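Number of protein chains: 4
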Amino acid sequence: MDPFDPTPDDRFTFGLWTVGNVGRDPFGDAVRPALAPSRIVERLAACGAWGVNLHDNDLVPFGASAAQRERIVAEFKAALAEHGLCVPMATTNLFSHPIFKDGAFSSNDPKVRAFALRKTMDGIDLGVELGAKTYVFWGGREGSETDACRDPRTALARTRDALDFLCEYVRERKYDLKFALEAKPNEPRGDIYLPTTGHMLHFISTLAHPEMVGVNPEVAHETMAGLSFVHGVAQAMEAGKLFHIDLNAQRIGRYDQDLRFGSEDLRQAFLLVRLLEGTAGGARYDGPRHFDAHAYRTEDEEGVWDFARGCMRTYRMLAQRARQFDADPEVRALTAAQDDGELDPLLAGFTPEKARRLRALEFDVEARARRGLRYERLDQLMIEHLLGFR
Amino acid sequence: MDPFDPTPDDRFTFGLWTVGNVGRDPFGDAVRPALAPSRIVERLAACGAWGVNLHDNDLVPFGASAAQRERIVAEFKAALAEHGLCVPMATTNLFSHPIFKDGAFSSNDPKVRAFALRKTMDGIDLGVELGAKTYVFWGGREGSETDACRDPRTALARTRDALDFLCEYVRERKYDLKFALEAKPNEPRGDIYLPTTGHMLHFISTLAHPEMVGVNPEVAHETMAGLSFVHGVAQAMEAGKLFHIDLNAQRIGRYDQDLRFGSEDLRQAFLLVRLLEGTAGGARYDGPRHFDAHAYRTEDEEGVWDFARGCMRTYRMLAQRARQFDADPEVRALTAAQDDGELDPLLAGFTPEKARRLRALEFDVEARARRGLRYERLDQLMIEHLLGFR
Amino acid sequence: MDPFDPTPDDRFTFGLWTVGNVGRDPFGDAVRPALAPSRIVERLAACGAWGVNLHDNDLVPFGASAAQRERIVAEFKAALAEHGLCVPMATTNLFSHPIFKDGAFSSNDPKVRAFALRKTMDGIDLGVELGAKTYVFWGGREGSETDACRDPRTALARTRDALDFLCEYVRERKYDLKFALEAKPNEPRGDIYLPTTGHMLHFISTLAHPEMVGVNPEVAHETMAGLSFVHGVAQAMEAGKLFHIDLNAQRIGRYDQDLRFGSEDLRQAFLLVRLLEGTAGGARYDGPRHFDAHAYRTEDEEGVWDFARGCMRTYRMLAQRARQFDADPEVRALTAAQDDGELDPLLAGFTPEKARRLRALEFDVEARARRGLRYERLDQLMIEHLLGFR
Amino acid sequence: MDPFDPTPDDRFTFGLWTVGNVGRDPFGDAVRPALAPSRIVERLAACGAWGVNLHDNDLVPFGASAAQRERIVAEFKAALAEHGLCVPMATTNLFSHPIFKDGAFSSNDPKVRAFALRKTMDGIDLGVELGAKTYVFWGGREGSETDACRDPRTALARTRDALDFLCEYVRERKYDLKFALEAKPNEPRGDIYLPTTGHMLHFISTLAHPEMVGVNPEVAHETMAGLSFVHGVAQAMEAGKLFHIDLNAQRIGRYDQDLRFGSEDLRQAFLLVRLLEGTAGGARYDGPRHFDAHAYRTEDEEGVWDFARGCMRTYRMLAQRARQFDADPEVRALTAAQDDGELDPLLAGFTPEKARRLRALEFDVEARARRGLRYERLDQLMIEHLLGFR
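Chains A, B, C and D supply the protein sequences, listed in that same order. So for the first sequence, the working numbering puts the first residue at 1; every next one is plus one. So for the second sequence, the working numbering puts the first residue at 1; every next one is plus one. So for the third sequence, the working numbering puts the first residue at 1; every next one is plus one. So for the fourth sequence, the working numbering puts the first residue at 1; every next one is plus one.
Please keep in mind that the hints were generated in silico from the structure rather than gathered at the bench. Every value quoted in this text rests on a predicted model; they were computed, and no experiment measured them. Each residue gets a CB set at the ideal place from its N, CA and C atoms; glycine is no exception. One or more hints might be untrue.
Simulated coverage check for chain B against chain D, where a stretch passes if three residues somewhere in it have a Cβ under 8 Å from a Cβ of chain D [stated by the list, open to error]:
#: 1; stretch: 23 to 37
#: 2; stretch: 185 to 199
#: 3; stretch: 296 to 302
Produce the complete structure using the sequences and hints provided.
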């Protein structure tokens, strides 16, 4: 067996919309035919994935009748059962239909806001029926090109109202479901409200039920703005708010690329896997590893499965490199904690006496400043591990 | 009198380090001689500024003796009194000296952390002595080039410890002082922890005394990452956390430019002034308008005062344009609230009955989707107001 | 009459694909119905435009029969004649059909390259039939996501072969037609070959008939990469290579926004109009001012014409502001040429004697370095003119 | 012996200013003492470098007397001879002294232009005396923050005059010296003229002696703007204009980072080394591999040599990975040329007959469009080679 073949413990998932992407873009038409959800389930299972995620309309078309919905869902459940895949996450498509052209929860039009709420309640019901434990909110159209159209504070207040409403809906239904909010700085809107995982984390702290709500950071979305994805995810983990994660690849300062995981910026991908796998200390992230990416537009269906296998293999390869790096004695020596029996207690919690002792402390500032920290050596070791030469 | 001359009600401030900037950059030497703090006070007052801000070492050199400090502070206070300027904000220089080369509060070295705490306590004392009501924290060196050197969660925990410590220090001293945290995504570090105002707002919610701590967003810092500064400031205002603001200009995706306020992206500057002045609804921000910028390196001292006057004039010009825009009847018609007596109550707070009624609601989705929102017209009106042609 | 109404002398043009844009984007469906070309011609004429441009398939669908083509072209010509619009520019759609998914002229597949050449010859014939004097080449799919697929030098060589072939085709047909090459750094490909106007200008210098070929710079495309559009256009003008120009608006580091001209970064739009209008010295650019932009997705058809009128009005408003700025005596004083009767001849063309005299020259370097250049004042005057306060 | 130890055949070079960098930045003071040039020579030789490059003032201080210059140069030559290092490249510092605060060759002040020419003639003499065969021009201050100060066309014309002058100087002196022009988009100026390698290549084509002048592309400079460095270098190589190269690492959209080669974006570094080494076809670049980078500010002198060794090791490691990738039979199969005996001649050079035959060509466009290109598989193979798992 190949050591990089995926296992259920990896909790690798794909979305119906990711491997099912037909390759339409702003400048060109579809290059691949649409795949039936049951076919996606079959092939994802064959590739070794653990689960499959979906927007409501990935499975049930917009405007389908109740009878159509029942038939479609039954077929999909049968395919899941046959191939042993689960649906750990679901979400609502609040961006494709023109009704959402100026946003959903934050729209100026009360009818649109009402429609968005209702569509989300239905989407939650669908997700729960399929077994989802996490419900993602990506407010792709919640933004603007002209800020003259709406006070951004109004947008935030409306979004808060919607999420509070939906949290209560979940509580009233006694669903076992958490929410995960996904930030993006821009595209398809000029600016999207709550543009980064940091803004989302703060917004969550202002909700009526913050304990039900975490984040779903996406590599591409933070990277578009040139922010450190690793730092953003770490802040979410430290706050106990990493409820889901979207893995892909992206170059800074570009359109949303959603490339195969690990195909750009291997260094950041390595640092991310190391953080999620907990090899450098800290607990392992135990949620799904969702690949929110799609195959190049040059590919036919076979290329789609090349792509899917590549995402999972690279994750596992990076996990092995991370374990090797963190086990390297030279790395351990260079990163050993600098404990100080006298100072550490002084720094942990103010008292007037500690302040006095800190002020009285004597040490040679210039000498301390001259010490080299050997970070060039440490970083070079990381690169050599990544390249497989240590 | 010129209608754009500054008034005390504008609360315009500059830093000693801004108008005192000597023009050194990574590729070249100083182009202007250093100015004595008392000269800066005199000339800022002549330009119409209301206050002057400072880092500890802008006034008192690193390592100065207590006697030197006393003499310098006394002279500075005399200049302030003579020219009628106040010191509304102070901060600590935790980045220039090599001791801080790998951070201050988040350094791996307990001695450096101790030194940073102590220096900040001293800086707080100095600020309070000069009358400051806001104390800013910019963690310019709290970051990394190689994330192998430190778990970002450790960095956050150390920074939290430091701020909790210092909050208690202020409380114990009974100082009338709030903290304002300033984010920046990168430079001078490869990545700085807590890179945006959003990340800072969340971090504040995890402190022991969040009520004492707000943010100090800076135009250049959010703009470097291409984020909407207006949205970030609005989120802070909505949360009651806009304690201070740093005004300047910057192009996206570049080194930290700290240009004259309004000299780049007039549209965003207009939207910002409109938000701060409350002309479009919402309360006016009543804190200082601090210009954290410096004159081009092509300037001598006279150019520095051109620069300072320009910052203030442009702010006032934009405020007038904002008032005109928001008073324009066509603008008011295009932005009138769409209240809906039936729907608005349904959207405000979940009940099972409201959910049922939302689900029963009938309306023509396609017709609603087809409506044009006239945002092109609205935005064009904004541009024509900005250009002075309405 | 409104002083900002467009005139034929402005040579304002739009593309069928710009005002005809139906608002589809990667995340959502069309929001507006397609407009018939004849309707576009009628409404553009009513708005005051001078010309309309097109891709072959904007008018004649991909795969149309010869008879269909004849009928469509005849109808279109009739509409042009009726409403007094011309077609100054035409181009080929080498990006929408999946056959071009890996490029056209640079594709690895000789059949695709052959098909692209043939389609372009047909497009040229169509353009010439409609009266076009400029034929634009935008290689939107000439790029890659994985550079392992093709040596970039091979891509350049193939593109050169295609352009040399097509230049000869035009010469053989004795068409009165110039080519204008349009660069873009990325989107819809990860990287596009010849990413900026600078790269294009050099590439042109390597063609067999460089005299037939110039550039078509687009605001959005250079701005995506954060480059100075004004500098790029100026370099093209200095080389006599500005054959066409695409005007719109864009924020740095984002997806291709194609916003209404002047709606972002008014400062750069002002500098651009000033350069094109020749108000700051240098000849006026006398080619078409083409608006390659589209209305926000929030708009219906009425909003599309708001958008079109806005593009033209803002251009004219900026032209007026540019004239005022350049006529301002204070501006003229600050920008007066520093002629030096002794030095200027020394600097113009090497001789050993001049080198000797330059070396013998005495002047006070430190004193010269200390002079302030008053650029802050100059720039502030520009902002005040822009805002309409001078 | 370690297989990644540098060899003379690698032609690895560093600048005095790179390993000699003292770590000053816009926010902080020097962290390392300056190193004597002779010490740098000794240590670089010990690390395995082949050559050392310099700005005039890296060796001879600004304003030094002729006698000082002679003594310093003699000592330096002795050190070179003792340690077996050569000086393949030299350049002029036209940016540190305040006299150049508004540019050198493009300054509005004829005295500054004269001084810059003279300083460059002296720098050329120095470089030639030390054996340099390449003279680099980086116009770091040739730019602006306010384009109102100077027409960019004037800046280009002045720069052309200066380079034409200096080419003639070199010809008259019969120096065996080529020029290499280095582009940068911004920093330390808001915008720098001729911002990319593409713009430089075109500019060279407008000089009086283009055959003497090529480019010196720098990884960090093109990457700041998010452009493909590999494509830019390939364009220069195809034109026979890659005269020198500056290797380092940089993240997109940031200040000039000048990081250790290979420490960011390993994928692009791999593709670059593969291009330079000629493993994928095309000739090997035979000029120096110059590392224009510096150690993190966290390092003391020992860290500087860690840094220098890391640059060279990573280059050699990537070269090995490139050879392995290009020798992989699966890669070769996926990238095999698609020759077409019928079509290839048709595409190579226009004749009316070829045009006719192209038009008569029949093939199934839809079928051709459906073919998958297997680029996901190809790219995944590249990543697995990079990670050392193939």
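Cross-check of the supplied hints:
Counting residues of the stretch 23 to 37 of chain B whose beta carbon lies closer than 8 Å to any beta carbon of chain D gives 9, which reaches the threshold of three, so the coverage claim holds. Interface restraint, the stretch 185 to 199 of chain B with chain D: holds (4 residues with C-beta to C-beta distance below 8 Å; minimum three). Here's how the stretch 296 to 302 of chain B fares: 3 of its residues keep a CB closer than 8 Å to some CB of chain D, so the rule of at least three is met and the hint holds.
The structure fails none of the hints (numbered hints given earlier).
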